[in-house]
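Quick note on this note's numbering: the sequence shown kicks off at 41 and runs consecutively.
Certain hints may be false.
BS3-like cross-link-like pairs, simulated, lysine-lysine; straight-line CA separation at most 27 Å [said to hold, decoys possible]:
no., residue 1, residue 2
1, 130, 166
2, 130, 157
3, 130, 118
4, 157, 77
5, 118, 157
6, 174, 118
Between beta-carbon pairs, the in silico distance windows are [said to hold, decoys possible]:
no., residue 1, residue 2, range
7, 136, 70, 23 to 31 Å
8, 192, 169, 15 to 23 Å
9, 154, 73, 16 to 24 Å
10, 133, 178, 20 to 28 Å
No lab work stands behind these hints: they were computed from the structure.
The beta-carbon is built from N, C-alpha and C at its ideal position, and this holds for glycine as well.
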Amino acid sequence: MGWVVALAATASHAAPTLESPQPVATRQDTAANDYRKGVEALHAGQLDRAEAAALGLVETASHGSAGRHLLGLVKTRKGDLAGAVAEFDKALVNDPQSIPARTERAVVLARLGQLDKARVDLDALKARAALCGKACAPELRSAISRVEAALAAGRPPAA
């Protein structure tokens, strides 16, 4: 508002008053809020609401990865594991560095018994962890542990 006062003080004649601009939510803020609401709906078992939020994010090209990830989570919860893998694949096309999408895809692949494909994702996560060392995001270490646990649970029984 200071710039408005300075502008008004320098004007020698009456000028229309300007109001200070109100903060406007950015698309990124809106998308983050929509994603959060979708995840909350998913956790509450409101799969239709979660799916609607995911589809809204998918329509926004710049947030397609988050939407695809959320849609994959919804499909996983609905038991459509092949559909979930397809959504995580699309999320990774949009954002190849997405730790959550890679993790969820690996976990679902392990559940489907596609252990070799799940190991490829695990190897990618481990390679990323080797590059960042101690500076890695904490989510990366937990992602690796989660995929390892899914692989251990998905191992075929010993003959």
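Could you check the structure against the hints above and give me the numbers of any it violates, in ascending order?
4, 6 and 9
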